[in-house]
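**Q** Each chain, written out:
Protein chains: 2
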Amino acid sequence: MGATDGAKRLTREAAPTILKLPVLPISYGDAEHFLSALEGRVVPASWRGGLAITYHAGGTDAAKAHIVVKSDWSLKTLYDVVAVMKGSEHPDQWVLRGNHHDGWVFGASDPLSGHVAMMAEAKAIGQLVKSGWRPKRTLVYLSWDGEEPMLLGSTEWAETHAAELKKKALVYINTDGNARGFLRVEGSHSLESYVAKVATDVVDPQTGVSVDARRRAHAMTASGSAGANERAKEVGKIAADPSKDYPLDALGSGSDYSSFLQHLGIASLNVGYGGEGSGGGVYHSAYDTWEHHSKFVDPGFAYAGALAKTTGRLVLRMSEADLPVQRYGDFANTVATYLDEVKKLADKKREEQTAQARMFAANAFKLSDDPTLSSGLPTPLKAVPYFNFAPIENAVVRLKASAKAYDAALAAKGAALPAATKGKLVELAGRTEQALLMEPGLPGGRGWYKNMIYAPGRLTGYGAKTLPGVREAIEDERWTDVDTYAAMIGKALTAYADRLDEGVALINGPSASAKAPGAR
Amino acid sequence: MGATDGAKRLTREAAPTILKLPVLPISYGDAEHFLSALEGRVVPASWRGGLAITYHAGGTDAAKAHIVVKSDWSLKTLYDVVAVMKGSEHPDQWVLRGNHHDGWVFGASDPLSGHVAMMAEAKAIGQLVKSGWRPKRTLVYLSWDGEEPMLLGSTEWAETHAAELKKKALVYINTDGNARGFLRVEGSHSLESYVAKVATDVVDPQTGVSVDARRRAHAMTASGSAGANERAKEVGKIAADPSKDYPLDALGSGSDYSSFLQHLGIASLNVGYGGEGSGGGVYHSAYDTWEHHSKFVDPGFAYAGALAKTTGRLVLRMSEADLPVQRYGDFANTVATYLDEVKKLADKKREEQTAQARMFAANAFKLSDDPTLSSGLPTPLKAVPYFNFAPIENAVVRLKASAKAYDAALAAKGAALPAATKGKLVELAGRTEQALLMEPGLPGGRGWYKNMIYAPGRLTGYGAKTLPGVREAIEDERWTDVDTYAAMIGKALTAYADRLDEGVALINGPSASAKAPGAR
Numbered sequence: 000m001g002a003t004d005g006a007k008r009l010t011r012e013a014a015p016t017i018l019k020l021p022v023l024p025i026s027y028g029d030a031e032h033f034l035s036a037l038e039g040r041v042v043p044a045s046w047r048g049g050l051a052i053t054y055h056a057g058g059t060d061a062a063k064a065h066i067v068v069k070s071d072w073s074l075k076t077l078y079d080v081v082a083v084m085k086g087s088e089h090p091d092q093w094v095l096r097g098n099h100h101d102g103w104v105f106g107a108s109d110p111l112s113g114h115v116a117m118m119a120e121a122k123a124i125g126q127l128v129k130s131g132w133r134p135k136r137t138l139v140y141l142s143w144d145g146e147e148p149m150l151l152g153s154t155e156w157a158e159t160h161a162a163e164l165k166k167k168a169l170v171y172i173n174t175d176g177n178a179r180g181f182l183r184v185e186g187s188h189s190l191e192s193y194v195a196k197v198a199t200d201v202v203d204p205q206t207g208v209s210v211d212a213r214r215r216a217h218a219m220t221a222s223g224s225a226g227a228n229e230r231a232k233e234v235g236k237i238a239a240d241p242s243k244d245y246p247l248d249a250l251g252s253g254s255d256y257s258s259f260l261q262h263l264g265i266a267s268l269n270v271g272y273g274g275e276g277s278g279g280g281v282y283h284s285a286y287d288t289w290e291h292h293s294k295f296v297d298p299g300f301a302y303a304g305a306l307a308k309t310t311g312r313l314v315l316r317m318s319e320a321d322l323p324v325q326r327y328g329d330f331a332n333t334v335a336t337y338l339d340e341v342k343k344l345a346d347k348k349r350e351e352q353t354a355q356a357r358m359f360a361a362n363a364f365k366l367s368d369d370p371t372l373s374s375g376l377p378t379p380l381k382a383v384p385y386f387n388f389a390p391i392e393n394a395v396v397r398l399k400a401s402a403k404a405y406d407a408a409l410a411a412k413g414a415a416l417p418a419a420t421k422g423k424l425v426e427l428a429g430r431t432e433q434a435l436l437m438e439p440g441l442p443g444g445r446g447w448y449k450n451m452i453y454a455p456g457r458l459t460g461y462g463a464k465t466l467p468g469v470r471e472a473i474e475d476e477r478w479t480d481v482d483t484y485a486a487m488i489g490k491a492l493t494a495y496a497d498r499l500d501e502g503v504a505l506i507n508g509p510s511a512s513a514k515a516p517g518a519r
Numbered sequence: 000m001g002a003t004d005g006a007k008r009l010t011r012e013a014a015p016t017i018l019k020l021p022v023l024p025i026s027y028g029d030a031e032h033f034l035s036a037l038e039g040r041v042v043p044a045s046w047r048g049g050l051a052i053t054y055h056a057g058g059t060d061a062a063k064a065h066i067v068v069k070s071d072w073s074l075k076t077l078y079d080v081v082a083v084m085k086g087s088e089h090p091d092q093w094v095l096r097g098n099h100h101d102g103w104v105f106g107a108s109d110p111l112s113g114h115v116a117m118m119a120e121a122k123a124i125g126q127l128v129k130s131g132w133r134p135k136r137t138l139v140y141l142s143w144d145g146e147e148p149m150l151l152g153s154t155e156w157a158e159t160h161a162a163e164l165k166k167k168a169l170v171y172i173n174t175d176g177n178a179r180g181f182l183r184v185e186g187s188h189s190l191e192s193y194v195a196k197v198a199t200d201v202v203d204p205q206t207g208v209s210v211d212a213r214r215r216a217h218a219m220t221a222s223g224s225a226g227a228n229e230r231a232k233e234v235g236k237i238a239a240d241p242s243k244d245y246p247l248d249a250l251g252s253g254s255d256y257s258s259f260l261q262h263l264g265i266a267s268l269n270v271g272y273g274g275e276g277s278g279g280g281v282y283h284s285a286y287d288t289w290e291h292h293s294k295f296v297d298p299g300f301a302y303a304g305a306l307a308k309t310t311g312r313l314v315l316r317m318s319e320a321d322l323p324v325q326r327y328g329d330f331a332n333t334v335a336t337y338l339d340e341v342k343k344l345a346d347k348k349r350e351e352q353t354a355q356a357r358m359f360a361a362n363a364f365k366l367s368d369d370p371t372l373s374s375g376l377p378t379p380l381k382a383v384p385y386f387n388f389a390p391i392e393n394a395v396v397r398l399k400a401s402a403k404a405y406d407a408a409l410a411a412k413g414a415a416l417p418a419a420t421k422g423k424l425v426e427l428a429g430r431t432e433q434a435l436l437m438e439p440g441l442p443g444g445r446g447w448y449k450n451m452i453y454a455p456g457r458l459t460g461y462g463a464k465t466l467p468g469v470r471e472a473i474e475d476e477r478w479t480d481v482d483t484y485a486a487m488i489g490k491a492l493t494a495y496a497d498r499l500d501e502g503v504a505l506i507n508g509p510s511a512s513a514k515a516p517g518a519r
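Sequences listed follow chains X and C, in order.
Under numbering that gives the first Met the number 0, the letters of the first sequence match residues 0 to 519, in that order.
Under numbering that gives the first Met the number 0, the letters of the second sequence match residues 0 to 519, in that order.
Calculated directly from the structure, the hints in this document are not laboratory data.
Quick list of in silico lysine-lysine cross-link-like pairs, PhoX-like style, CA-CA up to 20 Å: (1) C:K365 / X:K236; (2) X:K347 / C:K236; (3) C:K347 / X:K236; (4) C:K348 / X:K232; (5) C:K232 / X:K348; (6) X:K399 / X:K342; (7) X:K347 / C:K232.
Ranges between beta-carbon positions, derived for each pair: (8) X:S45 / C:I52: 22 to 30 Å; (9) X:S45 / C:L50: 20 to 28 Å; (10) C:K232 / X:L376: 15 to 23 Å; (11) C:E229 / X:T3: 54 to 62 Å; (12) X:G304 / C:K343: 43 to 51 Å; (13) X:S45 / C:R477: 40 to 48 Å; (14) X:K347 / C:W132: 51 to 59 Å; (15) X:W46 / C:K343: 29 to 37 Å; (16) C:R40 / X:W46: 36 to 44 Å.
Just so it is clear, CB atoms sit at the ideal spot from N, CA and C, and this is done for glycine as well.
Based on the sequences and whatever the hints tell you, model everything.
**A** The following block contains the structure:
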C-alpha cells in the first residue's frame, strides 16, 4: 500500500521500523572523545577501529554523555517524475528505467551522475520519436524522490501500482552514482546473456575496447591480487573464458530496485561504472560537488556517456526484442552454486561450533586470556544439526532440466514462431521471476521481502544474501527456519520451472508434450 | 675464523656484507616529508604504508634530499663473559647456555629480562655446587656482547672455538627479551619431546596450570581467530591432542643461536615467554626502560622466574641425562612437511606464472589499469619448470625409517645399556645434527650458512626458511639451484640417517645388524 495522500498511516509509536536509538555519523575527532572515555572491558578484536586508543566498552560516570535529539517529524511531499512513452505493438508490456533525483547535499556523484545518463537516454529517445519511430513496448522513465532517507519515492510508487506492475512490467533497470572505470552490473541471473551482449557493443572511452572486454580484464587481474576472495577468483576464471557470459552479482539493497525485485518479483538490474580513482571519500557528504565530480570522478563525463549508451541499449533491446532475452541456464546454474554455498556454510558453522566446544572443554579461552586486555569469554555457539536441503536440491535438478529445455527450444524454434506467440513468450518471461515470491516472505518482521532468492542481508544493508531464508537462518542459529525456508525455496524454484515448461509448451505448440525432458 | 686480537681483517671496501646504502629508521613525521615529495609513478599496493598520502616512487628535483652520513669506523673491543662449570662424568660433553648483555639504549626488556633469568639459573647452580653437587656434564654459561649490531660476540666466539665446539657441544640454549604470556620455543625438531617434558613441569605464574597447558590453550584459541594461517591451524590441532608433543618453530635469525645452529650444526633452542600486553612498541628504543618493563611487560618479574625455571631445567636435564633426550621421529615427520611445503610452493609459482601469462596475453593488465594511479605493468614471472625433488623424497623415506628404528630401540633397550654406551649415545646425538651441514653452504654469498634444513631468509631476517637452498631458489626463480640443493639436502638427510643407524647399532650391540629395518 503506497503512502499516498489519503492513505492510512501508522502512528510513530506503532511503526516497528523506526528505531528507538538515535543514530548519527560523526567525525573521528568527535568520536575519539566518546570512545576514549569508556573504561570497561576491552572489546573483542573485530570491534576495534583505526583510532590510536585501546577500545573499551562500558565504563563509569565519567563516560556519560548528554544527548539532545531534535527531530523534524512533519510529513513532506515527495515528487516522483514519471514519463511514459506508450508502446506501439505491446503497450501492456512495460520497460521500467529509473534513477533517483534527491541527494544528501549537492549530490553531484550520487545521484546526478547517473541521472544525467538517464536524461541523455530520454532525450535520444525523444529525438527518435520526433523522427517518426515508436517503441514496440511501453517505456516508463522514473525519476525518484526520497531515495536517500529510505528508498521512499520508489517504494511508495511500486506499492501503489503493485497490481499493474506485476501484470505489465518486464524489467526494472536502475542506475545511481556513476564514475570512471569498469562496468558493474548486478541483477537477476536470467538476464546475464542480455547484459553481456550489450556490454560487448559499448566502447570503453578510456581504452577503446568494449566495456565487456575491459570488465573481463579487470576481473582477471583482481582475481590474482592478494585480497581476492573465492568469488573474485571464480569470476576471474569466467572472465578469462570468452565463451562464457560475464556473471551478474546478486542485488542486495541501497537503491531503488529493491521494491521491484524483492517485493514485486520483477527482474531487475543495477548498472554503473566505477572502480578507478581513490574511492568513495566524498560519498553522502558536502564534498560531493560538481567541482569534485567533474575533476576527479568522471573528467569530461566520458563515463556518463558510456552509461547512457549501456542503459539506453538495455532499454531499447528489451523494448524491441521479438523473443525473450532471458537465458535460464545462467539462472539455474547460479542457483546451484548458491545451494552449494549454504550447504558449505552449515558445515562450516558445525565445525566452528565443534572446535569452540572443544576449546571450552579444555578451558582454553580462560587460559589464553590476557587479563589486562580481556574481553571475556566468547558466547557459546549453538550446536548445529543436519538440515533437510533436499527440497532445494530436488528443485535445482528440476530447474536445470527445465531451463535447458527452454533455452534449447527457444534457440531452435523461436525465430520461426508466429508474432503472437513471440509476444506471449516475452510476457511470460516477464512474469516468470514472480514465481520466486513466497508468502509470508522473510521471517523476523521482514515479510515485505518476498523473493526467496535475492534479499539484502538483515544486517548487511547493501550486501545481498542469496537464498536468504536459509542462509540467514543458518547464520542466526534459527534452526527450524532452515528447514521451513528450504521447503519454501524448493516450492518457488519449482513454480519457476513450471513457468519455463509453460514456455516450452508455447514454443512447441499445442501438439507437443507440455513437459520438458527430465521434468517430473 | 674469529675476529680476535691478531686476526687478519678485510678492508672495509672489500667486505661484501657492508652495504653501500646508508639505512636508518626515522619517525613517520620525518618520513612523511620525504615520501610526500615523491611525484613519480604510484607504487604497487604492497608497497603502500599507513600514511594518509598517495605513495609515489621517483620524482623531480623537488624530491632531492642531501644526506650527511657520519660513521664511526673505529674498532671496538667486545667482552663476552664465559663461565664454565666442569662436568664430573662427561667433562667433554658441553651444555651451552647464552643470552646477550648489550642493549641499544637501556635494554631493560631486550636483553636484560632474559639475562636476569640466566643469572638466576647460574646462582641456583652455584648454590647446588656449594652444597656438594657437581653436574655430570660441563656447563658453559655465555653472556654475549655486541649482539645488537650483528650478533658479533657470539659469532666471533663460535668461529674462534669452532673445532672444539663441534666436538663437544650437545646443545645451545638461547634466551633474549622476555615478557609475560605464553611459552614460545623455537629450535631443532629433534628436541621437541625434551622441551615438552620440561614445559609440562613448569607452572604458569598467572593461571597455575603448566606452561605447556597454557601454550596449548593459546594455540587452540589462536587457530580459531580470523587471521590464523595454515601453520597456526595445524599447531592448533596438535595443541588439542595431548598425546602429541607441542611442536617447535624453526629458527631463523636475530639472536645468538645463529652461529651455533646454522654455521656449526649444533642443535639449538631459543626460549622465551610473551604474547600478552599490547605488543613491542618500545623494542630497540629509548623507551625500553626498567620502569616500562617492570610496570607493563612483566610486573613482579613473574615470567623472569618462569623463564629461569624453564631454561634451568633444560640445562640440568641435558647435563644429567643418562640417555639421549632426542626423539628423531619428530624431526623426520617435520622435515616431511617441509618437503610438502616446497613442492606446493613450486606448484603455486607455476600456477601464478600461468595465470599471469594468460593475463598478459589478454592485455588484461593494460586494460584494467587506472591511468591516474598506475604503477605500470607487473614484471613478467619466469615460466616454472618441473623439478627433481626425488633426492629429498627418497631421503625422507630413509630418514623416517631410521628415526623410527632409533626411537624404538632407545625406548626398548636404552635403560639397560652399560654406562659407557649411554655416554657414547649422548655424544653421538650431539654430533648428529652436524650431518645437516653441507659445503659450500647456501648460494649467493651466503656460504657461511651451511645448515641444509634451517636458515634465516635472505630477505626475512628473523623469519626462518626451512630447506632454504630449495625454498629460496624457487622463490627467487633460480631454477638450476633447485635441483642442485635438492640433491644436497638429500645427502644431508641421508648422512643424518646414517648417524641414527650408528646409534641403533650401538644400542643393539656388535652382534646385531648395523642397519635399521627399512634402511638401504
